[in-house]
Amino acid sequence: MAKKGWKDIPIGGLIEEAGTAKEYKTGSWRTFRPVIDKAKCINCLQCWMHCPDSCIKVKDSKMEGFDYDYCKGCGICASVCPVKCIKMKPDVKQ
Amino acid sequence: MKDLLEIRWHGRGGQGAKTAAQFLAEAALELGKYIQAFPEYGPERAGAPIRSYTRISDKPINIHSPVTNPDVVAVVDPTLLDTIDVTNGLGDDGILVVNTHEDVAAIRKKTNFKKGKVAVCNATKISLEILKIPMPNTPMLGALLKVRNIVPIENLENEVKKKFLKKIGQEKTDGNIKAIRRAHKEVKIG
Amino acid sequence: MRERMPGKMHQDETRCKAVILTTHFNGWHGIYFKLNSNNMPTKTKQKEKTKNIVALTGDQAASEAMRQIDPDVVAAYPITPQTEIVMNFSQFVDDGKVSTEMIHVESEHSAMSACVGSAVSGARTMTATSANGLALMWEIVYIAASTRLPIVMPVVNRALSAPINIHCDHSDSMGARDSGWIQIYCENAQEVYENVIVAVKVAEHKKILLPVMVCQDGFITSHGVEGIEIFPDDKVKKFIGEYKLEHTLIDVDNPVTYGPLDLQDFYFEHKRQQSEAMKNAITTIPEVLAEFNRTFGKSHDLIEEYRLNDAQIGIVALSSTVGTTKTVVDELRKEGLKVGLLKPRFFRPFPKERITKALAGLKAVAVLDRSESFSNEGGPLFTEIKAALYESAKRPLVTNYIYGLGGRDIFPEDIKKVYKDLEDIKKNGKVGSLVNYLGVRD
Chain W
1 MAKKGWKDIP
11 IGGLIEEAGT
21 AKEYKTGSWR
31 TFRPVIDKAK
41 CINCLQCWMH
51 CPDSCIKVKD
61 SKMEGFDYDY
71 CKGCGICASV
81 CPVKCIKMKP
91 DVKQ
Chain Z
1 MKDLLEIRWH
11 GRGGQGAKTA
21 AQFLAEAALE
31 LGKYIQAFPE
41 YGPERAGAPI
51 RSYTRISDKP
61 INIHSPVTNP
71 DVVAVVDPTL
81 LDTIDVTNGL
91 GDDGILVVNT
101 HEDVAAIRKK
111 TNFKKGKVAV
121 CNATKISLEI
131 LKIPMPNTPM
141 LGALLKVRNI
151 VPIENLENEV
161 KKKFLKKIGQ
171 EKTDGNIKAI
181 RRAHKEVKIG
Chain Y
1 MRERMPGKMH
11 QDETRCKAVI
21 LTTHFNGWHG
31 IYFKLNSNNM
41 PTKTKQKEKT
51 KNIVALTGDQ
61 AASEAMRQID
71 PDVVAAYPIT
81 PQTEIVMNFS
91 QFVDDGKVST
101 EMIHVESEHS
111 AMSACVGSAV
121 SGARTMTATS
131 ANGLALMWEI
141 VYIAASTRLP
151 IVMPVVNRAL
161 SAPINIHCDH
171 SDSMGARDSG
181 WIQIYCENAQ
191 EVYENVIVAV
201 KVAEHKKILL
211 PVMVCQDGFI
221 TSHGVEGIEI
231 FPDDKVKKFI
241 GEYKLEHTLI
251 DVDNPVTYGP
261 LDLQDFYFEH
271 KRQQSEAMKN
281 AITTIPEVLA
291 EFNRTFGKSH
301 DLIEEYRLND
311 AQIGIVALSS
321 TVGTTKTVVD
331 ELRKEGLKVG
341 LLKPRFFRPF
351 PKERITKALA
361 GLKAVAVLDR
371 SESFSNEGGP
381 LFTEIKAALY
391 ESAKRPLVTN
401 YIYGLGGRDI
411 FPEDIKKVYK
421 DLEDIKKNGK
431 VGSLVNYLGV
441 RD
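Same order as they appear, the protein sequences are chains W, Z and Y. So for the first sequence, this note's numbering puts the first residue at 1; every next one is plus one. So for the second sequence, this note's numbering puts the first residue at 1; every next one is plus one. So for the third sequence, this note's numbering puts the first residue at 1; every next one is plus one.
These aren't lab readings, by the way, just hints derived from the structure by calculation. You may find that some hints are simply not true.
[As the list claims (entries may be wrong)] With a straight-line cut-off of 20 Å between C-alpha atoms, the simulated PhoX-like cross-links for lysine-lysine are:
1) Z:LYS166 <-> Y:LYS97
2) Y:LYS271 <-> W:LYS4
3) Y:LYS334 <-> Z:LYS59
In isolation and in its complexed conformation, chain W is listed as follows (with noise of 0.2 Å):
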């Protein structure tokens, strides 16, 4: 879709909608992905705390799995996980 041009967007760079960058999925940057082996999971949820994109997702205080929509694959997660059971993995685009 073509950009809009400087008659058609708001003054000052304002924008009148909130949460717009949902809009922008971040998750095609990622050249590496997050995978999960659960079986070894603590849910201890360190993950969660660092994940810059909140990209954890988490249901009952138990780690679920990643938003891949999003998650650009930067392996904090897999960095500071205490039992090792994250690894980034080349990713594979569908």
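Based on the hints, put chains Z and Y in the right spot on chain W.
Quick look at chains Z and Y alone, frame taken from chain W:
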């Protein structure tokens, strides 16, 4: 008389030369005149020589530069006569009013101002006796208005009352009025 | 020529320069009274028989306008010679004469930052500054304009350091001429008062939405007392109207973002919008001025022409020098010389069409600049006017005078010399020296 009356005040920081220039202008404003009053600012401090100016006219005043050819020069501090040529630019029909204990002849000699009018008044003595502090600016206004009736003295007194009452209280304001009247009476013109 | 005071005085003054600079409050708020007036415009004469004339300095005039505007927020830091504006306004706040939230900040950078924050919240916002203060807020000056926030800022023009100087020249605001702010230059304290009111309406106009600097000459205007006509409070309030920002940062039900990252993909478009706003300003400001003139019986315009109609030579100048030049024009006219004067009231947006039209009939023009741009091609007013004339079919010979830096006084004699030079240029048909320095010691 030209349209514009220009007065230059010489004083030292703290003696009220700026205030005097403004009082006179505002008294004239009340009579419907156009006015300007402004000091020449250096890095001011008590004791530094300063100049201030009053312009009064029946027409709007456009000029925005210091007065170079005054009609009247008022010297609020006599010690300035030794260091500053106070009559610079003062014409032959000009008026020189000096706060001094000396007489007209002595001031003429000191300033070499021969043709115009010279008036002397010991404004410092008057203010010391009445106000107990050396604030010669208000008595100098009284003296000046005797030499040249720029505004009726009552208008000036009203202006002083308006400005001073809230700031310095009834007693000191009355003192200033008294000092103005005494200087108006005692000024010697020659 | 400049020997107006004897040498001893100069020595004294030089000695005094060593002391620390302070600003004194003279404690004089204007005393109000009514005055019968004979020169009211006939239209309003019946309705209003008296004018409210008050003795005020330029600074007091600015703060008096601010009192009547009663902005939602003022964030400011005092600096000579602007100090009296902030001081007076703080007094108004303390006395309950305004409902403004006054933010006393620790620097001008913070002052303008607070103004930006306030303005995106939808508050009518004002500040004021001078010289080094403007320099310190520089980064945020651009942000205010680029975020399209209608902040109004009286600027009391003062020289920039070094060497340190507190007196008037235009180097502070001229440096900010490309920041995206509208700039108005005031001839006297009356214009300061009126232009601050006009500025609010211009800044907040839907087609403009740009911040406005209202510039007055430091000390010359800011500390000189003149009789100022003050309009009734309710009339001023009615003229400026209510301010309502469409999208505010504090409207949590309709959340928006201000000041986002804006890279190669959109930044240019936003700048293009700013250009468009300035283009709109040049056509919209006259409408605002017309309304102001109707309301208050004045005759403001983008420029003011003074006895230019049949003039052969003319001067272009800004601010208080315009007044001094008017007295010289009157004097020389009495001698039969066909001299005139052009005052651009607005410098941003630059009223090019009006200026070139006003100067088209002249043979020679001198532009007086109270700042140096160090391009070797003259001061900012000169280079802009020269560039504007390039496309003019009829254009006068032009020359530039840089004058008055650091508060160096300009006297009628100086201006007469410029007119005399212009007579020579007219006679010889050529300009001798393009850039001249008026009143500097060789």
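**Report entry** Index of numbered hints that the structure contradicts, given in increasing order
**Finding:** Checked against the structure, no hint fails, so every one of them is satisfied.
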